[in-house]
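There are 2 protein chains.
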Amino acid sequence: MVEFQTPHLDAVFHALSDPTRRAILHRLTEGERTVSELATPFNMSLAGASKHIKVLEGAGLVRRHVQGRTHYCQLEAARLAEAQEWLRTYERFWTTRLDDLEEILREEDRALARSSEQSPSSPAKSDKTSRSTK
Amino acid sequence: MVEFQTPHLDAVFHALSDPTRRAILHRLTEGERTVSELATPFNMSLAGASKHIKVLEGAGLVRRHVQGRTHYCQLEAARLAEAQEWLRTYERFWTTRLDDLEEILREEDRALARSSEQSPSSPAKSDKTSRSTK
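Chains B and L, in that order, are what the protein sequence lines are. Be aware that the first sequence starts at 677, since it is given in my numbering, and climbs by one per residue. Be aware that the second sequence starts at 677, since it is given in my numbering, and climbs by one per residue.
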């Protein structure tokens, strides 16, 4: 079971399991931010923000550098690519389900089209039947 | 920050943060399995396996149905699609980095090609210059 012993993935998925951490990552897509700038929109203390950022750093999703007393954070997206690669192996399972759904909807469309073709050309048919096929 | 308040994603990413749970999902790609069949390769107790399966069920990644005393588990992949959709919004950040890397490698190839074109056709050039362009 070596392929599942991927500590990167453990840390990445754990980091992503918190909505505040996902929101921090999203803010970093706009560019580098200080810890203080990241804390503000969440009404978080610097200590609280720092705790979340440490989890993101530990997962390799954020890089922090210090200038004087200011800590700057940057998004590191490569590990997200690893997570997506893992998910990709399951793609066929949900696409199959979506294909099935699409086929069901198409079949319903075809049935509707058939019933509306029949209706005008056979006005003699009972009104009851025509209503029930709609 | 409504878009990040997605309890599904919290539960899905949390479920995926454990290597045993990822391995269980992988086994379920082969088809329906009983809890006992899922426990065996990990030398886990039924209670241990059941605990992991409950987390997967809670995240909507596994569906369990009971026949008599046997519990059968099935993969439910749709929620993985939601996780991949979330990750997709970050794709441009890692593809940009990969594009940059590709461009650097191409530039190195071009530089190598130029230096190897120069070397045989200009033997008169100083050996020092030719070496420094390699």
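Don't take every hint at face value.
To be verified - Lysine-lysine pairs mimicking DSBU-like chemistry, simulated, CA-CA at most 30 Å apart:
(1) 727/L / 730/B
(2) 727/B / 730/L
(3) 727/L / 727/B
(4) 730/B / 730/L
Unchecked claim - Here are the computed distance ranges between Cβ atoms for each label pair:
(5) 748/B / 771/L: 22 to 32 Å
(6) 754/B / 785/L: 40 to 50 Å
(7) 784/B / 722/L: 21 to 31 Å
(8) 778/L / 789/B: 47 to 57 Å
(9) 707/L / 782/B: 41 to 51 Å
(10) 778/L / 748/B: 50 to 60 Å
(11) 683/L / 790/B: 22 to 32 Å
(12) 780/L / 684/B: 36 to 46 Å
(13) 726/B / 683/L: 20 to 30 Å
(14) 789/B / 785/L: 48 to 58 Å
(15) 786/B / 718/L: 19 to 29 Å
(16) 793/L / 767/B: 25 to 35 Å
(17) 754/L / 783/B: 18 to 28 Å
(18) 726/B / 707/L: 12 to 22 Å
Said to hold, decoys possible - Reference excerpt, derived from the structure (chain L facing chain B, CB under 7 Å, subset only):
(19) 692
(20) 707
(21) 734
(22) 756
(23) 757
(24) 766
No lab work stands behind these hints: they were computed from the structure. Backbone N, C-alpha and C fix where the C-beta goes; we use that ideal spot for every residue, glycine too.
Outcome of the hint check:
| no. | hint | in the structure |
| --- | --- | --- |
| 1 | 727/L / 730/B | 29 Å, holds |
| 2 | 727/B / 730/L | 29 Å, holds |
| 3 | 727/L / 727/B | 28 Å, holds |
| 4 | 730/B / 730/L | 29 Å, holds |
| 5 | 748/B / 771/L: 22 to 32 Å | 24 Å, holds |
| 6 | 754/B / 785/L: 40 to 50 Å | 23 Å, violated |
| 7 | 784/B / 722/L: 21 to 31 Å | 43 Å, violated |
| 8 | 778/L / 789/B: 47 to 57 Å | 49 Å, holds |
| 9 | 707/L / 782/B: 41 to 51 Å | 27 Å, violated |
| 10 | 778/L / 748/B: 50 to 60 Å | 27 Å, violated |
| 11 | 683/L / 790/B: 22 to 32 Å | 43 Å, violated |
| 12 | 780/L / 684/B: 36 to 46 Å | 24 Å, violated |
| 13 | 726/B / 683/L: 20 to 30 Å | 25 Å, holds |
| 14 | 789/B / 785/L: 48 to 58 Å | 57 Å, holds |
| 15 | 786/B / 718/L: 19 to 29 Å | 47 Å, violated |
| 16 | 793/L / 767/B: 25 to 35 Å | 45 Å, violated |
| 17 | 754/L / 783/B: 18 to 28 Å | 21 Å, holds |
| 18 | 726/B / 707/L: 12 to 22 Å | 46 Å, violated |
| 19 | 692 | 4 Å, holds |
| 20 | 707 | 11 Å, violated |
| 21 | 734 | 12 Å, violated |
| 22 | 756 | 5 Å, holds |
| 23 | 757 | 4 Å, holds |
| 24 | 766 | 5 Å, holds |
Hint compliance for this structure: hints 6, 7, 9, 10, 11, 12, 15, 16, 18, 20 and 21 are broken, all remaining hints hold.
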